[in-house]
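**Q** Since the structure of chain A is provided, determine the placement of chain B with the ligands on it from the hints.
Number of protein chains: 2
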Amino acid sequence: MQRVLIIGGGAAGMSAASWIRRLSPDMKVTVLESTQMVSHAPCGVPYFLEGLFDDPNLFMTYEPSFFIEKRGIDLRINTRVKELNIKDRHVTVEIKDKVESIDYDYLILATGSVPITVKNDGTERVYFVHHPAHASELRKALWSLNKIAVIGGGILGIETAEALSVKGKKVVLIHRGKYPLNRMVDEDISSFFLPKMISEIDLRLGEAVLEVRDKGRLVITDKGEYKVDGTVIAIGVRPNSDLVKGQLKLGVYDSIVTNEKMETSEKGVFAAGDVAQSFNLITKQSDWVPYAPVANKMGFVAAFNVSGIEKKFPGVVGTMITKYRETLVGKVGLTSAEATRYNFKIKEALVKHKTRARYYPGSKDIWVKLIANEKDSRILGVEIVGQEEVLGRLDVLAEAIMKGATVEDLFFMENAYLPAVARVWDPLVLAARKIYAGD
Amino acid sequence: MQRVLIIGGGAAGMSAASWIRRLSPDMKVTVLESTQMVSHAPCGVPYFLEGLFDDPNLFMTYEPSFFIEKRGIDLRINTRVKELNIKDRHVTVEIKDKVESIDYDYLILATGSVPITVKNDGTERVYFVHHPAHASELRKALWSLNKIAVIGGGILGIETAEALSVKGKKVVLIHRGKYPLNRMVDEDISSFFLPKMISEIDLRLGEAVLEVRDKGRLVITDKGEYKVDGTVIAIGVRPNSDLVKGQLKLGVYDSIVTNEKMETSEKGVFAAGDVAQSFNLITKQSDWVPYAPVANKMGFVAAFNVSGIEKKFPGVVGTMITKYRETLVGKVGLTSAEATRYNFKIKEALVKHKTRARYYPGSKDIWVKLIANEKDSRILGVEIVGQEEVLGRLDVLAEAIMKGATVEDLFFMENAYLPAVARVWDPLVLAARKIYAGD
Ligand SMILES: Cc1cc2nc3c(=O)[nH]c(=O)nc-3n(C[C@H](O)[C@H](O)[C@H](O)COP(=O)(O)OP(=O)(O)OC[C@H]3O[C@@H](n4cnc5c(N)ncnc54)[C@H](O)[C@@H]3O)c2cc1C
Ligand SMILES: Cc1cc2nc3c(=O)[nH]c(=O)nc-3n(C[C@H](O)[C@H](O)[C@H](O)COP(=O)(O)OP(=O)(O)OC[C@H]3O[C@@H](n4cnc5c(N)ncnc54)[C@H](O)[C@@H]3O)c2cc1C
Numbered sequence: 000m001q002r003v004l005i006i007g008g009g010a011a012g013m014s015a016a017s018w019i020r021r022l023s024p025d026m027k028v029t030v031l032e033s034t035q036m037v038s039h040a041p042c043g044v045p046y047f048l049e050g051l052f053d054d055p056n057l058f059m060t061y062e063p064s065f066f067i068e069k070r071g072i073d074l075r076i077n078t079r080v081k082e083l084n085i086k087d088r089h090v091t092v093e094i095k096d097k098v099e100s101i102d103y104d105y106l107i108l109a110t111g112s113v114p115i116t117v118k119n120d121g122t123e124r125v126y127f128v129h130h131p132a133h134a135s136e137l138r139k140a141l142w143s144l145n146k147i148a149v150i151g152g153g154i155l156g157i158e159t160a161e162a163l164s165v166k167g168k169k170v171v172l173i174h175r176g177k178y179p180l181n182r183m184v185d186e187d188i189s190s191f192f193l194p195k196m197i198s199e200i201d202l203r204l205g206e207a208v209l210e211v212r213d214k215g216r217l218v219i220t221d222k223g224e225y226k227v228d229g230t231v232i233a234i235g236v237r238p239n240s241d242l243v244k245g246q247l248k249l250g251v252y253d254s255i256v257t258n259e260k261m262e263t264s265e266k267g268v269f270a271a272g273d274v275a276q277s278f279n280l281i282t283k284q285s286d287w288v289p290y291a292p293v294a295n296k297m298g299f300v301a302a303f304n305v306s307g308i309e310k311k312f313p314g315v316v317g318t319m320i321t322k323y324r325e326t327l328v329g330k331v332g333l334t335s336a337e338a339t340r341y342n343f344k345i346k347e348a349l350v351k352h353k354t355r356a357r358y359y360p361g362s363k364d365i366w367v368k369l370i371a372n373e374k375d376s377r378i379l380g381v382e383i384v385g386q387e388e389v390l391g392r393l394d395v396l397a398e399a400i401m402k403g404a405t406v407e408d409l410f411f412m413e414n415a416y417l418p419a420v421a422r423v424w425d426p427l428v429l430a431a432r433k434i435y436a437g438d
Numbered sequence: 000m001q002r003v004l005i006i007g008g009g010a011a012g013m014s015a016a017s018w019i020r021r022l023s024p025d026m027k028v029t030v031l032e033s034t035q036m037v038s039h040a041p042c043g044v045p046y047f048l049e050g051l052f053d054d055p056n057l058f059m060t061y062e063p064s065f066f067i068e069k070r071g072i073d074l075r076i077n078t079r080v081k082e083l084n085i086k087d088r089h090v091t092v093e094i095k096d097k098v099e100s101i102d103y104d105y106l107i108l109a110t111g112s113v114p115i116t117v118k119n120d121g122t123e124r125v126y127f128v129h130h131p132a133h134a135s136e137l138r139k140a141l142w143s144l145n146k147i148a149v150i151g152g153g154i155l156g157i158e159t160a161e162a163l164s165v166k167g168k169k170v171v172l173i174h175r176g177k178y179p180l181n182r183m184v185d186e187d188i189s190s191f192f193l194p195k196m197i198s199e200i201d202l203r204l205g206e207a208v209l210e211v212r213d214k215g216r217l218v219i220t221d222k223g224e225y226k227v228d229g230t231v232i233a234i235g236v237r238p239n240s241d242l243v244k245g246q247l248k249l250g251v252y253d254s255i256v257t258n259e260k261m262e263t264s265e266k267g268v269f270a271a272g273d274v275a276q277s278f279n280l281i282t283k284q285s286d287w288v289p290y291a292p293v294a295n296k297m298g299f300v301a302a303f304n305v306s307g308i309e310k311k312f313p314g315v316v317g318t319m320i321t322k323y324r325e326t327l328v329g330k331v332g333l334t335s336a337e338a339t340r341y342n343f344k345i346k347e348a349l350v351k352h353k354t355r356a357r358y359y360p361g362s363k364d365i366w367v368k369l370i371a372n373e374k375d376s377r378i379l380g381v382e383i384v385g386q387e388e389v390l391g392r393l394d395v396l397a398e399a400i401m402k403g404a405t406v407e408d409l410f411f412m413e414n415a416y417l418p419a420v421a422r423v424w425d426p427l428v429l430a431a432r433k434i435y436a437g438d
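So the sequence lines, in the order shown, correspond to chains A and B.
Following numbering that gives the first Met the number 0, the numbering of the first sequence begins with 0 at its first residue and continues without gaps.
Following numbering that gives the first Met the number 0, the numbering of the second sequence begins with 0 at its first residue and continues without gaps.
Okay, chain A solo, but in the shape it has when bound (with noise of 0.2 Å):
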């Protein structure tokens, strides 16, 4: 009997587990994961902070139990892969205090990300807004104090920021960046989100954290310091890969190369999710994009393929979605900052729109960036802010990019128009039609 080893029961590990499990009931799949949480939502942490449901096993699909009992995965929770030897295909866990060791036929890693720190003299009072098994822990700590630093201004940050913000807590929200969410979309952008953020969060822009003190009472900055009751640093994550360090090629921030099938640079090793690197198709570039949905379908990936039968994860083009109170604030493929750094000559068009019809009650801002190639009219990208119907729109631009659309295929889109949900002329199509037709 074959043994598949799998390394991390998030969401493409468990993703993987299952699969493998249904494709080929002759293996044996064997999961190990070194909390007590399997198939849970890191992305439901800073809800969990804002109160919005207290039960920390809705955090998972499906609980360990389902996926040992219905699914008859060997799942071991609470058991933490110390040494990983790929060469002898051989790891060594450390269950509580015991250490053992576990053979396999073929391998997936999917430790996911871990978060980045900052210089600190203690971590008493320094969080990290990460996995969902110490959120009930995180949550304790937080809610007892008074006045939170958040170090970091992307999705993270924002999300954290906000979740304390609407809990009562005094937050100084710190950013190296111009703006927040940087990362992810054009300045011009930010002016739609900005003034809430400013109202309701102390933002301290462009300043940048040299070290945390105080054991996470006091933040330095390069422009002056803050005293505080405790410190989250959300500054981002990188992918999990230090176990393979030596033994596997890396990529980008170190994150483990693989090819289209999810296999890594050593035969019948593959790996999945935020520890993988992926491919972007609009730069034809490695790039590293840690999401759950593209880790779900690199974990489904992995399975088929240890399972014999061929599948290719066709690659990225870089969708995010973040919200602050009632905004959502989103993109897909290139910012026009980021279109420029990869040198591409492009035509950009930002267009601000209703959600609904002039006559019907409700109706809702919303704003469209639209970038193309000037050569070929192709779409690079799309940056939405906007309080409804954001998500299906950046969809509609994810499937667009993948498909190679133009701004010409856009405009024509075929969209659907009813006046309580839409415009007839889409904001989407608006914005096309101004490179395509100049307005």
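The set of hints was computed from the structure by calculation and includes no laboratory data.
Nothing false has been slipped in among the hints.
Straight-line alpha carbon distances no greater than 20 Å define the calculated PhoX-like cross-link-like pairs of lysine-lysine that follow:
id, chain 1, residue 1, chain 2, residue 2
1, A, K344, A, K433
2, B, K402, A, K402
3, A, K248, A, K260
4, B, K433, A, K311
5, A, K433, A, K351
6, A, K433, B, K311
7, B, K260, B, K311
8, B, K374, B, K402
9, B, K344, B, K433
In silico negatives: residues of chain A with every beta carbon more than 10 Å from chain B:
id, residue
10, S23
11, R75
12, I94
13, D104
14, K118
15, G121
16, H129
17, G223
18, K226
19, G245
20, D253
21, T339
22, D364
In silico contact screen, one side only, chain B against chain A (beta carbon under 7 Å); selected entries:
id, residue
23, R357
24, G391
25, Y416
The beta-carbon is built from N, C-alpha and C at its ideal position, and this holds for glycine as well.
**A** Structure of chain B with the ligands alone, referenced to chain A:
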């Protein structure tokens, strides 16, 4: 100076007029519109009947004076074209009581559609929900009645019945089809919106109206008769092409045949909007899609070609959306019944899902039915029922189908995910997965 004459000042006509003025400042553009309204939105009439707004000027994107003064269009409202002599490039118009004659170099027919009626003995209390120019009158009449028969269970009938029922009227909806919206979605899908309709409206399904008597107060069907205070006939529309019968080539339901440039069988004569035929990209056959986004884009294409800049209308896939109360119902492409009728061998998947993460408040049900070609897995259609984010998901499919996407493409679409507005396995992706991977 070249003279462009446009008949009809609706979506298609005014879109064309505005673009020609922009592209060809030297051309004289005359628009003849039989009512007092232009660039109007018939789509808003049901919501006006419901009482969601009261100002009929809101039906117009711009008022006539704007087009005359700001855009330099020779716009003549309250001016009906009585006769049209295509060969001689000449029309006879009726302005109030006067009759006048106008010559032209280019003609754009944008006369829209007209309601289909049933046999009746007088129309005193027989109503049609059609042109916004008559909406105030119509509303006054309908609001004064108590029990109203609505004939037709398509989009128009459903939207009208909803409006009147919300206004407290007793509505009997008589529909020949087996279930409402049967030309839009398959029967299995109807169970997701039918119960709510049945609880509020006296629905008579599978019943054909033979005639309306008593000038609107008695409806005779093949199963019985209904005494009511008035009757709304909403069984559909047909292309308003009577003016050109015998002069231009007509196609599906007598819509005007054009090429991709929207030019009819007669050089220099164009047709756009509800009066024009279109080409279905899935069935590769002529089709007729009388919806506003299509009308606008056809007007745009006609304008460019009249101005000597070649643009091509690529064709349609058949996107539709409506709602009953909170529930949106939409489709793109072919239903499975339609696909079968067109001799496609199909694979299909039905997914019931939620719109937000398990743990996020306010999540709603959503149903997605995906239809694909068995042979090459190309997507042929989608049907969606839900309460939020239905529009965008329809547009994803409009774009996907127009770009020839397969279920594999849709599965690997890098969808946006945020727990507040989505599921990590989006229902579209799940539906695609069901066909692509069997689950
Ligand atoms: C707070 C937060 C919010 C987010 N919000 C969103 C969002 O809104 N939308 C979105 O698309 N994405 C979001 N993401 C990203 C998303 O959660 C990840 O992309 C996704 O979880 C990646 O799945 P994965 O399986 O690769 O890794 P993970 O889900 O991180 O799972 C990896 C697992 O491996 C285990 N593990 C690691 N090392 C070992 C070891 N040595 N031995 C045993 N087990 C090990 C870990 O305990 C972990 O359970 C968010 C992430 C965070 C942290
Ligand atoms: C009640 C209702 C609800 C609708 N809801 C939706 C919806 O939610 N979504 C959607 O996409 N579509 C909807 N539609 C369809 C949409 O309104 C039409 O597709 C669109 O208006 C077509 O534009 P058009 O310019 O071709 O025709 P129209 O907008 O109908 O304009 C044609 C114009 O030509 C004029 N005209 C006709 N004959 C003559 C003549 N002989 N001389 C001078 N003028 C003439 C008419 O007065 C009219 O103003 C709805 C339609 C109705 C009636």
